[in-house]
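Required output: the full structure, derived from the provided sequences and hints.
The working numbering puts the first residue of the sequence shown at 1, with every later residue one more than the last.
By construction, these hints were calculated from the structure, which means they are not laboratory data. These figures come from a predicted structure and were not determined experimentally. Please note: incorrect hints may appear among the correct ones.
Derived DSS-like pairs (lysine-lysine); straight-line CA-CA distance at most 30 Å [as the list claims (entries may be wrong)]:
no.: 1; residue 1: Lys330; residue 2: Lys180
no.: 2; residue 1: Lys265; residue 2: Lys221
no.: 3; residue 1: Lys101; residue 2: Lys117
no.: 4; residue 1: Lys10; residue 2: Lys42
no.: 5; residue 1: Lys131; residue 2: Lys221
no.: 6; residue 1: Lys309; residue 2: Lys265
no.: 7; residue 1: Lys265; residue 2: Lys180
no.: 8; residue 1: Lys117; residue 2: Lys221
no.: 9; residue 1: Lys265; residue 2: Lys330
no.: 10; residue 1: Lys330; residue 2: Lys117
no.: 11; residue 1: Lys16; residue 2: Lys265
no.: 12; residue 1: Lys10; residue 2: Lys131
no.: 13; residue 1: Lys117; residue 2: Lys16
Ranges of calculated distance between the beta carbons of each label pair, as one might list FRET restraints [what the hints assert, rightly or not]:
no.: 14; residue 1: Asp108; residue 2: Ser287; range: 36 to 42 Å
no.: 15; residue 1: Glu225; residue 2: Gly30; range: 52 to 58 Å
no.: 16; residue 1: Glu219; residue 2: Ile284; range: 40 to 46 Å
no.: 17; residue 1: Asn297; residue 2: Asn6; range: 33 to 39 Å
no.: 18; residue 1: Ser87; residue 2: Glu132; range: 30 to 36 Å
no.: 19; residue 1: Gly141; residue 2: Asn261; range: 52 to 58 Å
no.: 20; residue 1: Gly45; residue 2: Ala140; range: 34 to 40 Å
no.: 21; residue 1: Gly45; residue 2: Glu225; range: 48 to 54 Å
no.: 22; residue 1: Glu104; residue 2: Arg80; range: 47 to 53 Å
no.: 23; residue 1: Met232; residue 2: Glu268; range: 16 to 22 Å
no.: 24; residue 1: Glu104; residue 2: Pro213; range: 38 to 44 Å
Using N, Cα and C, we set each Cβ at its ideal position, and we do this for glycine too.
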Amino acid sequence: MSVTINDVAKLSGVSKRTVSRVINRSGAVGEATRERVLQIIKEVGFSPDKQARGLASSRSYLLGLIYDNPDALYIDQVQRGALSVCSELGYELVVHPSYSKSAEFIDDCLSFISRSKLDGVIILPPVSENKELAAAIRDAGCPYVRLASVDLDDADNIVVSDERAAMKEMASYLVELGHKDIGFISGPQVYRSSIERLAGFLAELQVCNVQLPSHRIIEGKNSYESGIECAMSLLSTEPRPTAIVANNDEMAAGVLRVANNLNIKVPEELSVAGFDDNILASRIIPSLTTIRRPVQNMACLAVQKLINKSQSTHSERVKLDDVITPYLVKRESTNRCGK
Numbered sequence: 001m002s003v004t005i006n007d008v009a010k011l012s013g014v015s016k017r018t019v020s021r022v023i024n025r026s027g028a029v030g031e032a033t034r035e036r037v038l039q040i041i042k043e044v045g046f047s048p049d050k051q052a053r054g055l056a057s058s059r060s061y062l063l064g065l066i067y068d069n070p071d072a073l074y075i076d077q078v079q080r081g082a083l084s085v086c087s088e089l090g091y092e093l094v095v096h097p098s099y100s101k102s103a104e105f106i107d108d109c110l111s112f113i114s115r116s117k118l119d120g121v122i123i124l125p126p127v128s129e130n131k132e133l134a135a136a137i138r139d140a141g142c143p144y145v146r147l148a149s150v151d152l153d154d155a156d157n158i159v160v161s162d163e164r165a166a167m168k169e170m171a172s173y174l175v176e177l178g179h180k181d182i183g184f185i186s187g188p189q190v191y192r193s194s195i196e197r198l199a200g201f202l203a204e205l206q207v208c209n210v211q212l213p214s215h216r217i218i219e220g221k222n223s224y225e226s227g228i229e230c231a232m233s234l235l236s237t238e239p240r241p242t243a244i245v246a247n248n249d250e251m252a253a254g255v256l257r258v259a260n261n262l263n264i265k266v267p268e269e270l271s272v273a274g275f276d277d278n279i280l281a282s283r284i285i286p287s288l289t290t291i292r293r294p295v296q297n298m299a300c301l302a303v304q305k306l307i308n309k310s311q312s313t314h315s316e317r318v319k320l321d322d323v324i325t326p327y328l329v330k331r332e333s334t335n336r337c338g339k
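Take a look at the structure:
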């Protein structure tokens, strides 16, 4: 005979409602009570039935993930982070790739939410920057959390990666290494993340009295191929820059490829850096200096915020952070300027 929530409540000496609050991580339960209930749940092997939970609470225990991002490694990290929380709390994750340039983009996202009967959605950049999409989901009554590089929404609806601050750290580090002639491969300037990263880098260089002339800034497409194209342009000039920073690791890998083809030694003759710290950054040769964006942590926080919204009253909700700061990871691809 299976153990029920009533059994757990009786053994714990609390109400069924209290057990439910513990299961759903409500902030309205004292720590001692929470620990006692969790111990009983562990001892008796109680596992909440998702269908029964859904019927009782009018929830599906399904969360959605909406994205239009070609970086498979980034998407993988997001899913790993989200699933780590979902599996622990009895939720499932439904993934929805989209095409943001389609005329039916917003209607398609709303249809996905409706037919899947989602309890909430996580929206990834760059589509998280789409204010019309956020407004449409809000009007549809579906809770959402946006991952973004700037504060675009109320604190309950966003997890911000402070990428401007992170790129200031990168600029300061390269100047400390003696680099004054630096090339920068930006991402598409229609994306706020690309704007924030370049702005942070330029701001810190100005503080350090280092100039970055316009011909040293080239806009890429956040792809390996565009990294190659932009690197060819930067490295075909004389004098060459002593360092190149790319908006992401994909394009930085393209820079390393071009340097190798041109017999330019990295990091002896050229320092190269990226952004994201995806799984390849530590595996390529030389390993890549980059900015680590804690994507899994951001996804975990986004899921926690969505589940937090499901608590019955605002006073029961747990206060969660809304800003995470990426940080510099120094590896083999950067060194002191040889000039």
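Hints and how they fare:
Proximity of Lys330 to Lys180 is assessed by CA-CA distance (about 19 Å); at most 30 Å being required, the pair is judged to hold. Annotation: proposed proximity of Lys265 to Lys221 holds, straight-line Cα distance about 25 Å (limit 30 Å). The hinted pair formed by Lys101 and Lys117 meets the criterion: a straight-line CA distance of about 25 Å does not exceed 30 Å. Under the criterion of a C-alpha separation no larger than 30 Å, the hint pairing Lys10 with Lys42 is consistent with the structure, at around 15 Å.
With a C-alpha separation of about 22 Å, the suggested pair Lys131 and Lys221 falls inside the 30 Å cut-off, and the hint holds. In summary, the hint linking Lys309 to Lys265 is not supported, as the alpha carbons are separated by about 52 Å, beyond the 30 Å threshold. Straight-line distance between C-alpha atoms of Lys265 and Lys180 comes to about 18 Å, which keeps the hinted pair within the 30 Å bound. At most 30 Å may separate the alpha-carbon atoms for a hinted pair to count; Lys117 and Lys221 exceed this at roughly 35 Å.
Of the supplied pair hints, the one linking Lys265 and Lys330 holds, its CA atoms being roughly 18 Å apart against a limit of 30 Å. Restraint check for Lys330 and Lys117: not satisfied, since their Cα atoms lie roughly 44 Å apart, outside the 30 Å limit. Taking the CA atoms of Lys16 and Lys265, the gap is about 67 Å. The hint is violated against a cut of 30 Å. Between Lys10 and Lys131 the alpha-carbon distance is near 48 Å, which puts this suggested pair outside the 30 Å criterion.
Taking the CA atoms of Lys117 and Lys16, the gap is near 26 Å; set against the 30 Å cutoff, the hint holds. In this structure the hint that Asp108 and Ser287 lie 36 to 42 Å apart at CB holds, the actual value being about 40 Å. Separation of Glu225 from Gly30 is about 56 Å and conforms to the stated range, judged on CB atoms against 52 to 58 Å. About 23 Å separates the C-beta atoms of Glu219 and Ile284, a value inconsistent with the hinted range of 40 to 46 Å.
Our hint of 33 to 39 Å for Asn297 and Asn6 holds, since their Cβ atoms are close to 37 Å apart. Checked against the given bound of 30 to 36 Å, the beta carbons of Ser87 and Glu132, roughly 33 Å apart, stay inside it. The hinted window of 52 to 58 Å between Gly141 and Asn261 holds, with their beta carbons roughly 54 Å apart. For Gly45 and Ala140, the Cβ-Cβ distance of about 39 Å falls inside the hinted range of 34 to 40 Å, so the restraint holds.
Against the hinted window of 48 to 54 Å, the Cβ-Cβ separation of Gly45 and Glu225 comes to about 53 Å, which satisfies the hint. Range check, Glu104 to Arg80: Cβ separation about 30 Å, and the 47 to 53 Å hint is violated. Between Met232 and Glu268 the C-beta distance comes to about 20 Å, which sits within the given range of 16 to 22 Å. Checking the proposed 38 to 44 Å range against Glu104 and Pro213 shows it holds: the Cβ atoms sit about 43 Å from each other.
Hints 6, 8, 10, 11, 12, 16, 22, counting from the list given before, are not met by this structure.
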